[in-house]
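Trainee: Protein chains in written order, with our numbering: chain A, 56 to 174; chain B, 9 to 235; chain C, 1261 to 1553.
Just so you know, the hints here were simulated from the structure itself, not pulled from any lab data. Treat the hints with care, since some could be wrong.
Residues from chain C shown here face chain A by an in silico Cβ test under 10 Å; the list is partial [unchecked claim]:
| hint | residue |
| --- | --- |
| 1 | Y1432 |
| 2 | V1436 |
| 3 | N1440 |
| 4 | E1454 |
| 5 | A1456 |
| 6 | S1457 |
| 7 | D1458 |
| 8 | F1460 |
| 9 | E1461 |
| 10 | N1476 |
| 11 | L1481 |
| 12 | R1535 |
| 13 | L1536 |
| 14 | S1537 |
| 15 | K1540 |
Note that CB positions come from ideal geometry on N, CA and C, so glycine has one too.
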Amino acid sequence: MNEILTQEKSIYIQIKEMIENDILRDILLEEERVPSTNELAKLYAINPATAAKGVNLLVDEGVLYKKRGIGMFVAAGAKQQIMAKRREHFYDDYVRSLMAEAARLGITKNELIAMIRDN
Amino acid sequence: MNRGVVKFRFWGKNWLQSMGVALGGGFLFLAVYVIGSRDFSGGVGRMLLDSFQVYPVYVFLVGTFVMAMYGVTWFQTYYSVFVSLSATRREAVVGIVVAEGAVAAGLAGFMAAFWAVIPGGGKYLSMMPLVTGILFVVASFAMVLGVAIVRWKKLGVLLAVILYGSCGMAFGITLAMTGDDSGAFRKLQVFDGTALWPVLLAGAGVLLYLLSCVFAVAAMRRSEVRV
Amino acid sequence: MSKLTGTGITKTYGTNDVLQDVSLELESGRIYGLIGRNGAGKTTLLSILSAQNPATRGTVTLDGETVWENPQALSHLCFSRELNPTSGNGMTAMKVKEYLEIASVFYPHWDREMAKRLVEEFHLDVKKRMAKLSKGMLSMVTIVVALASCADFTFLDEPVAGLDIVAREKFYRLLVEEFNETGRTFVVSTHIIEEASDIFEEVIIVDQGRIYLKENTQELLERCVHVSGREEDVDAVTAGLEKHQEERLGRSKGVTVMLKPGQRLAAGYDVTVQRLSLQKLFAALCGEEERHE
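This is chain A alone, in the form it adopts within the complex:
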């Protein structure tokens, strides 16, 4: 929460990731209430529908669940779920571009491995 929105990604994805980050950092604990879409909209000065889109993605993934009349809550096991998903996407999100850039610079795979091993 309270991160600054960038233009790099869709707003609703940033909202989703911010909530995920907070769950990973134990800022939001399991079974705790997540800020409502209206609260998010007000905090970030964004359209509530956009905030809702991000939140709904998390609901669809089972990271959050809705308690009717009360709000959104962090599901049990959400933290593990997020970590597992991010591990799955780690290659695409980080490694692929790393390797492309390395290739551009003529850094070999062995040199890459050495860099990782020695740091």
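With chain A held as given, fit chains B and C onto it using these hints.
Mentor: Same frame as chain A, now just chains B and C:
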């Protein structure tokens, strides 16, 4: 209806302002006249009472100017603001013309009431139909000109200058022909209720005013508003 | 759900077609952004949609009822224009207090409490004459009227002109708050696109008197990319796609691409692909190079 009440309050304020200027300005003119008058033959009290009797006449004079000025500026000031704040054009125009008519009626009402009440004022009452007619004619002129200026801008101003100018000329000529002010008034006092033409004039004045209202609504129907 | 529909709106001033056959539908419960270059027709469109000026051709209806001279329909509409009282239109001598008083007469749902609160928050001196207000303060008056009108469809034309960044941020928050609470539809026309783009659920681009596009903001931004790199690579990647604002410098080339559903960039080339901000996208779509005269 709530909207009606708020509108009434708004226009009520403007009406009071117009009436206030007419009554106050009339009083000022009267004071000047009284100070300027040198007829102390019957004593100060007598003179004051005599002078005071013509107070409504001064109210009338200032009032016609007030109606003309305010009527026109009401269009300039308020019309586009009303429409830009989600009033219909009809509402905007009707508000202005009704307020103007109310001023005319208010002035006529005041004059009649004043003369009915004040001792010795009864002889002036026969002037009322004529006066009422003139008041409403002035109101109609003000409305037409207000609309003309807002709708047709420069052409409207030209029209205003021509119309006002010719009216002023006509008034001046009439005055010259009928002699001095007091003489004209005394002549008018001769007309009692049996004379028909002042009543016709009153009726014509009101009719002209109503026509000007219709004209105003029609003329502004598709006007452009730029705030 | 309410709908404000404009059909075939054309507006001609003299020989100039300011709007040409514009049709669009605005729904309740949305915040729309209206962007376009100066003279594109934004203000004219808003004034016609709110029945403040007549269209040369075409109709505007609110839930099927024509809005023109219709007090019932007008009670749901508010067009808070950019005020300019120095242009001799009569507002000059009026005090802010009177202006707000008139607003309260014609907006049946006018919220006096809110107006009072906003005036205090913006530190507006209501006893001041309109002509004496700075550009920023005039904008604040516009904002007060727009918000306190409590109209179902509220249009704001350049509401932040002259406001410093702090005041602008305050405005965006106030707008979102009011929207949160009431679900009123707002259409905000602005040149300060980037700041405001986050609050727009849909964006409407007006260009040369026509609607260029009307689309969900997030979806629009997701289908637009900026591709740059070696000219040949860029051309290969973007072959057959809708391109805008091609720029060349030496051997490199940059181009804005708008992907249609199902399209994607060709893979396997070393090019930089970046998202665009709404502002940059607008400039790419409606910039000088895009004029086909």
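Trainee: Determine for every hint whether it applies to the structure shown.
Mentor: A quick look at each hint next to the structure:
1. Hint status for Y1432/C: holds, given a least beta-carbon distance of 4 Å to chain A, under 10 Å.
2. With a cut of 10 Å, the hint placing V1436/C at the interface with chain A holds, because the nearest CB-to-CB distance is about 5 Å.
3. The restraint placing N1440/C at the interface with chain A holds, with a minimum CB-CB distance near 4 Å, inside the 10 Å limit.
4. Here the hint on E1454/C is kept, as its CB sits about 8 Å from the closest CB of chain A, short of 10 Å.
5. Interface hint at A1456/C: satisfied, since its Cβ lies 9 Å from the closest Cβ of chain A, which is below the 10 Å cut-off.
6. Annotation: interface hint on S1457/C holds; nearest CB of chain A at approximately 9 Å, less than 10 Å.
7. Checking D1458/C against chain A: minimum C-beta separation of about 4 Å stays under 10 Å; hint holds.
8. Contact between F1460/C and chain A, as hinted, is supported at the beta carbon level, the nearest pair being about 6 Å apart and thus within 10 Å.
9. Hint status for E1461/C relative to chain A: holds, with the closest Cβ pair at about 5 Å, below 10 Å.
10. The restraint placing N1476/C at the interface with chain A holds, with a minimum CB-CB distance near 9 Å, inside the 10 Å limit.
11. The criterion of a C-beta within 10 Å of any C-beta in chain A is met by L1481/C, whose closest approach is roughly 7 Å, and the hint holds.
12. A distance limit of 10 Å between C-beta atoms decides the matter here; for R1535/C the minimum to chain A is near 6 Å, and the interface restraint holds.
13. About 8 Å separates the beta-carbon of L1536/C from the nearest beta-carbon of chain A, less than 10 Å, and the hint is met.
14. Because the smallest distance between the Cβ of S1537/C and any Cβ of chain A comes to about 5 Å, under 10 Å, the interface hint for this residue holds.
15. Restraint check, K1540/C versus chain A: the minimum CB separation of about 9 Å is within 10 Å; hint holds.
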